Structure formats: C-alpha cells, structure tokens
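Chain residues, written in single-letter form:
2 protein chains.
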Amino acid sequence: MTGPAIRSWQAVQDEVRRRIARRVWKPGDYIPHEAELAREFGCARATVNRALRELAEEGLLDRRRKAGTRVALNPVRRARIDIQVIREEIEAKGAAFRHAVLVRELRAPPPDIRDRMGTGAGQAMLHLRTLYTADGAPYVHEDRWVNPEAVPAVLDETFSDISPNEWLVREVPFEGGDFTFSAMTSTPAEASVLSCAVGEGLFVLDRTTWSAGGVITSVRLVFHPGYRMQTEM
Amino acid sequence: MTGPAIRSWQAVQDEVRRRIARRVWKPGDYIPHEAELAREFGCARATVNRALRELAEEGLLDRRRKAGTRVALNPVRRARIDIQVIREEIEAKGAAFRHAVLVRELRAPPPDIRDRMGTGAGQAMLHLRTLYTADGAPYVHEDRWVNPEAVPAVLDETFSDISPNEWLVREVPFEGGDFTFSAMTSTPAEASVLSCAVGEGLFVLDRTTWSAGGVITSVRLVFHPGYRMQTEM
DNA sequence: CGGAATATTATGTGCAGACATATATAAATC
DNA sequence: GATTTATATATGTCTGCACATAATATTCCG
Chain A
14 MTGPAIRSWQ AVQDEVRRRI ARRVWKPGDY IPHEAELARE FGCARATVNR ALRELAEEGL
74 LDRRRKAGTR VALNPVRRAR IDIQVIREEI EAKGAAFRHA VLVRELRAPP PDIRDRMGTG
134 AGQAMLHLRT LYTADGAPYV HEDRWVNPEA VPAVLDETFS DISPNEWLVR EVPFEGGDFT
194 FSAMTSTPAE ASVLSCAVGE GLFVLDRTTW SAGGVITSVR LVFHPGYRMQ TEM
Chain B
14 MTGPAIRSWQ AVQDEVRRRI ARRVWKPGDY IPHEAELARE FGCARATVNR ALRELAEEGL
74 LDRRRKAGTR VALNPVRRAR IDIQVIREEI EAKGAAFRHA VLVRELRAPP PDIRDRMGTG
134 AGQAMLHLRT LYTADGAPYV HEDRWVNPEA VPAVLDETFS DISPNEWLVR EVPFEGGDFT
194 FSAMTSTPAE ASVLSCAVGE GLFVLDRTTW SAGGVITSVR LVFHPGYRMQ TEM
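Here the protein sequences come in this chain order: A and B. Counting in my numbering, the first sequence runs from 14 upward without gaps. Counting in my numbering, the second sequence runs from 14 upward without gaps.
Incorrect hints may have been included.
Facing chain B, from chain A, some residues (calculated, C-beta under 7 angstroms) [as the list claims (entries may be wrong)]:
1) Arg91
2) Glu184
3) Val185
4) Glu188
5) Met242
These are calculated hints, taken from the structure and not from any lab test. This one's a predicted model, so the numbers in the text were calculated from it and none came from an experiment. Positions of the beta carbon are idealized from the N, C-alpha and C atoms, including for glycine.
The whole structure should be built from the sequences, with the hints applied where relevant.
Set out below in structure tokens:
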C-alpha cells in the first residue's frame, strides 16, 4: 500500500470497513496492530485507535490487549433506537397531539410492578393511566407508576397541561433505565381505550427508570395497531 | 472546586453526569467550555472532550461549535439492542437449538418486498421460510428473501446443516441494514407454524440488509407469543 | 439602516510521546 | 509435569500542543 495517506479517523474507519467487506480481512482474522496500521496509513496511532475503537463498539471487531484485534466472527448487529417524548414523536408526523389522564390514584401497585421496581409491599405509588392521541386518534396508552419518595412533587401535579411523560422527562433527573419490547393481545379493556378490535396484536414498550435516589417510575406503553418502531441509522 | 483532580475521561464523565443529575447544570444551561473544565478538573482538554463527546452521542448534551455545550432539554433516550445470531440467542438460554427449512423456492417476490428491497418487478429471489426451535418449541418463524445477484452462492446452499440466518451472517459481508419492530395478530398460517392460537399478538422484526453490491436480503422474523426483546445496558 | 466582510471563539481533530494495563507466552521453580 | 513467576507486547489512556472548522459577534461600508 503506497497510496495517498489516510489521515483522518473517518478515512481509516472507512478503509477498515472496506477491507472487511471485501474480505481482505476475513472474519476471525487478526488484523495488523495499531502501530503498523498507523505506519501504513501515514497517520498517528491515536487516529487508528479511535477508528478501531468505534468499530469494536459497533461489534464489527473484537479487541483484546496483547492479543490484538480481529474481525468479529458473528458480528452482532447493534440497533440504536431513539425514544423521544411522545408529543414530539406525534408532532414530527405533522399530527395534532393531545393527552388525557384517565386514571390518577395513589395506591400500592400489583406484585409484578413491585417486582420490577423493587419496592416494598405496602408502599403506595402514584398510578396514572393516560391516553395520547394524534389528530384525535388513539396513539398510545400509558400505564405508569411513579414513586412519590423519589419524586415528591409528582403528588402536586395534575397533568392537565403537561403530560406525565413530558413532565417526568423535564422535571426528574434520571440516570438509567431499561427497556423491553414485546407484543400483547389486546384485551377488551385495551381495545376500548385504543378503539381497536379485541384480540389484535399490539406493540408494547416497558420501561423502568431510576436515579441515585432510587426507582423513579415504571411505565408500560401500549401502542395502537400498526405502530412500527424503526432504528435510527 | 478544589477537590482531588479528575484525570480520567470516565471520572470526568461521571462528574458531569452527577452535576446534571443533581441539577447543578439544568436542562438548557450552557456548561463551562472544555478548556475551563480541563483547568477545573486538572486534566487535558482532550480528556474532557472525550467525556463530553460520548455524552453528546448519548443525547444528554447538545454541542455546537462556537456556541458551546449545553444540557439537552428533552434528553432523547437512546436504547441499544444487540441482535445476535438466533442459534446463539437460544443456546444462551440453555435450550437446544434446531432449525427446519419449510419453504425454499426461486421466484419473484410480492410487491411489498420488492418495494423494501428496491428491486425490479420480474427479478427472481430465493424465498426461504424457516422455523427455529428451542428445546423443540417453536421460537421464531423466519420469512426471508435473498437476492441471488448479490449472493450467487446462496443458490447452491441447502441450509440443512446451517441455518439461513447464520449462513448469511458468516458468508456475506454486509455494510448496513435497517430494523423495524412491530406487532402483528397471528393469522391461521402463522398460528400453525408457531403452534399458537389464532389472533394472538406476536412480536415482529423486519430487517433489510445491503452492501456495496446492492440489497442482500430482506427478512421478517415472527416470534413466539411471550417473546421479549431487552436493551443492553 | 442593512448587508457583507472580518474577527473571535468553542468544538473537532490530528500528532508524538509517554505510561498504564491486561494478557499471552516463555521461563523458572516446586 | 504442574504451578508460579517473569517478560514481552498490543491495546487503553493521558498530555500538551497545533491547526481546522463552524458559527456567532463585530466591524465596516454602501
């Protein structure tokens, strides 16, 4: 290789991607080490490092100290999903957003929610059920439990002007969360809220959010039939 | 701040996270610029840069040249999903993996598949329908179309020893793809393949994969009832 | 006053060198 | 031969510096 120098980390990354795609470096192969690639490309090792590090994060390369870098055997495809505020998601589609709080009560959650939130048996939580609509059509039904110990201000909020979803995102600093995607069969209750047929397949997103102060909220979003969630690329 | 120096990018990141979580820096606020943070933390600007860059990629910060860095107003939560080879997913659960090719035919795909793959009307594709089982129980039903122009070798493969899923991951270098998650209501056909009730909600993953040589494959995975897909954290 | 040219500034990136850390391999010891 | 210890090496990270780039703020000029 005595072509033009490849000096930017982007260019290095592209070149490495190209070599993997064209099978110059095959799955399982060790590729030259950073110093050698830097020499070949005519750039600094730090530049090669940044390019390779990101490819490893993507799952295309396996790297280990001393052992070296090799092309992943079974490249794990890593999909990235951006989950934004529901209002913005709906408005981005050019539809009119509205929300209506259907249930607002303070009581102890059922065992499965307690389990997910890891809270005590007798502990009361604020339970909210909210319907979000796009141009008047049911879009998603939110069933949420909020821990008043972690978020005392939630008890004073009526959620008439701002939705629980947006209020929490704005007001509560959260540090982590986990998501679960699944499908459910619409029960008569869900069907009536989402105005769909009983027995339809619905897309479901469960999320539990916490911060240093403990579990903040656990929420289930049941989307209208036909909802699709796409990866950002 | 005259505490101990924060010299690693991880430590800087943690400190920034902490300040955002504790509302030292509120959503919308501009935070000090890199050089000043570097001075405060007692580290190099490059270290601060790496910490902040990753936080911006996560969606927690908004950064713009000259304008500066500020805490995101509506932090987009970015979920990452690792999609691995089905065999590994099943074996990771300690179950026995098997696959059975139900359909293998060469023909022109229906319009919706043509549309997604962006191929010509008369162009024949290899159509494969495969059932993957875990401990003998139906796990996921795969409906796949493979472009023989991009992958000629696919026509010689019977997929008796290796599944289409794994064969393609191993043999075909792919460069990009997009994923769509959704839910469907099981039809009689799906119900019979997956041995579930008609009208049950099923989790669906659609994926189209391509490389420089064009579209490689388009696949729909319909999972057994109760399947859950979780984010990696 | 309004628009264009210019200066300023924060982030983005590259480089050379240094040291840290994990770890595969070889050597030494029991 | 098995276990422990040493060493070599590739990646991981930090530093201080430089220049590039984008975008805002300012100045200049018609």
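Outcome of the hint check:
1. Arg91: Hint holds; A/Arg91 Cβ to chain B Cβ min 6 angstroms, cut 7 angstroms.
2. Glu184: violated (9 angstroms)
3. Val185: A/Val185 check fails; min Cβ-Cβ to chain B is 10 angstroms, beyond 7 angstroms.
4. Glu188: holds (6 angstroms)
5. Met242: Holds, because the Cβ-Cβ distance from A/Met242 to chain B comes to roughly 5 angstroms (cut-off 7 angstroms).
Hint check: violations occur at hints 2 and 3; the rest are consistent with the structure.
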